[in-house]
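If you count by the numbering used here, then the sequence shown holds residues 288 to 358, one letter each, in order.
Some hints could be false.
Cross-link-like lysine-lysine pairs, in silico, DSBU-like; alpha carbons within 35 Å at most [to be verified]:
{"#": "1", "residue 1": "K319", "residue 2": "K306"}
{"#": "2", "residue 1": "K345", "residue 2": "K306"}
{"#": "3", "residue 1": "K319", "residue 2": "K345"}
What the hints contain is simulated information worked out from the structure, not anything from laboratory work.
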Amino acid sequence: MPKIKGLSHVVLYVNDLDKMVDFYTNVVGLIKYRENARGMVFLTPDPELDDHQLALCKGREGKSKLIAHIA
């Protein structure tokens, strides 16, 4: 996945963190870079170049709270 010029990263709230990590690693091809105790997983196409381009957070409730932020 190429880095988009000018886009640092996107953080999304998800219902099922394990399922979404599986999708973004096995289907999209991102690499799980790190995880923290608050239920966030950081994904990157290249851990030597980027800390992360996508972060997934536990805690999405229903149809709201999808995007935490875009930087």
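Between the alpha carbons of K319 and K306, is the straight-line distance 35 Å or under?
It holds: about 13 Å lies between the C-alpha atoms, which stays within 35 Å.
CA of K345 to CA of K306, is that 35 Å or under?
It holds: about 11 Å lies between the C-alpha atoms, which stays within 35 Å.
Does K345 lie within 35 Å of K319 when you go C-alpha to C-alpha?
holds, 15 Å
Consistency with the previously given hints is maintained throughout, with no hint failing.
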